[in-house]
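Student: Residue numbers (the working numbering), protein chains in the order written: chain G, 1 to 232; chain C, 233 to 334.
The hints are simulated quantities; they were obtained by calculation from the structure and are not laboratory data.
From a predicted model like this one, the values you see are computed outputs, not experimental measurements.
Virtual Cβ for every residue (Gly too), placed ideally from N, Cα, C.
Warning: the hint list may mix true and false statements.
[To be verified] Going by beta-carbon spacing under 10 Å, a handful of chain G positions derived as facing chain C:
#1 HIS2
#2 MET4
#3 TRP10
#4 THR107
#5 LEU136
#6 PHE139
#7 PHE202
The chain contents come next:
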Amino acid sequence: MHIMEGYLPWQWCVFWYLVSAPFIIYGIYLLNRQVKEHRETLSLLAVSGAFIFLLSSLKMPSPVVGSCSHPTGTGLSTVLFGPFITCVLSVIVLIFQALFMAHGGITTLGANDFSMGIAGPLLGYVVYRVAKAVKLNIFVNIFLVAFVADLFTYVITAIELAAAFPATHGGFLISFETFFAIYAVTQIPLAIVEGLLIALVFKYIVQSRGDILVKLKVLTPEQATKITEGFK
Amino acid sequence: MIPRFFIKYKLEIIFIVFIVAFAALFLYEQNAQTQAKWEGSDDQGSAAIEATGYTPWIQPLWTPPSSEVESLLFSIQSGLGAFVIGYFFGFYRGKRDSAKPA
Chain G
1 MHIMEGYLPW
11 QWCVFWYLVS
21 APFIIYGIYL
31 LNRQVKEHRE
41 TLSLLAVSGA
51 FIFLLSSLKM
61 PSPVVGSCSH
71 PTGTGLSTVL
81 FGPFITCVLS
91 VIVLIFQALF
101 MAHGGITTLG
111 ANDFSMGIAG
121 PLLGYVVYRV
131 AKAVKLNIFV
141 NIFLVAFVAD
151 LFTYVITAIE
161 LAAAFPATHG
171 GFLISFETFF
181 AIYAVTQIPL
191 AIVEGLLIAL
201 VFKYIVQSRG
211 DILVKLKVLT
221 PEQATKITEG
231 FK
Chain C
233 MIPRFFIKYK
243 LEIIFIVFIV
253 AFAALFLYEQ
263 NAQTQAKWEG
273 SDDQGSAAIE
283 ATGYTPWIQP
293 LWTPPSSEVE
303 SLLFSIQSGL
313 GAFVIGYFFG
323 FYRGKRDSAK
333 PA
C-alpha cells in the first residue's frame, strides 16, 4: 500500500496531508490522554504498536496472484484503542519505513497514512461495533476487523492512485481497475492470515491481561472469565 | 466428546492448518505459474504509474544500496516488533505465575 516518494503529484500530496492532519492531531490528543489517565494500558499500547511494526515488515507471497505484499497489522490496536490512536501508531511505522528503507515516502506520508492508518482502521472499527451489537463471537469479530482493516487499506490506495492518475481513455474507473488488481487482489490471502493471527493473539491477551480488556471496555468481566474458562 | 486438547488449542490449530494450506498453495502456484515474478505490489504500483508517462518529482533522501541492506532493515523492523511483543507477554506470564501461591 506504500506509494513511493515522488510517485504522487504534489497537489495530491498536499491534499492527503490536509485530509490526514485532523485525524493525526486528534489521535495524538487521545493517545496522550490514554497514557496519562490509564497508565496501566501502556503495555498493551506498546504491544499493539509492535504488531503494526512486525506485520508491516513481513512481505509475503500471495498465492494465485504471483506477487508479494505485506499485511498492515492495524487490526489489534483498532479494537483495543480505536481508529484515531491507530492512525498515530501507523504514522510512526510509515516514517520509519520512509526514512530507513525508502519504502513509502515523506511527501506521500499523508496519502499512505490515510489508507493504512485512517480509512482501513475506521472501517474496521465500524465492523467491530456492528459485530459487537449483534453479539457475534468475539474471535470472529476480531478476525473480521483485522481482515477488513487490512484489505480496505489496499482498496483505498487503489482509489488514491486512480484519482491521481486517471486513464486517458476511460478515466478514473479504468485506472482504478488496474490499481485494484495490483493492490487489493494480492492482499486477500494475506488479510485472511492477518485476521487469523490477530484473533489468536487476542486469546493470549484475554488470558494474560483480561483485566485491561475489561478496562478498555472491549469485554465485560463475565465475557473475560467465560473466554478464559472456555480454553481450559 | 472432543478431546480437551482440541478445545484448548482450537485457535492455534485453525491458524496452523491455514498457514500450511497457504504454504502448500504457494508451492503449487510457484510451479504452475512459471512466469510469475513474485515481486512487491508496491513496486508494481510504481511501475504502473511510470507506464502512464509520469516521472517522480522527488527522490527519497536515502535509499538502501542493495536488496540485502533493505532486507536487513526490514528484519530489524520485525525484530523490534517481536521483541516488544515477547517482552510484554513474558512479563504478563511471569506476573501471573508469581501471583499464584507456591
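Student: All hints, please: hold or fail.
Tutor: Cross-check of the supplied hints:
1. HIS2: holds (5 Å)
2. MET4: With a minimum Cβ separation of about 5 Å from chain C (threshold 10 Å), the hint on MET4/G holds.
3. TRP10: holds (7 Å)
4. THR107: holds (6 Å)
5. LEU136: Given a least distance of 16 Å, the restraint on LEU136/G is violated.
6. PHE139: Where the cut-off is 10 Å and the nearest Cβ of chain C is about 7 Å from PHE139/G, the hint holds.
7. PHE202: holds (9 Å)
Of the numbered hints listed earlier, the single one contradicted by the structure is hint 5.
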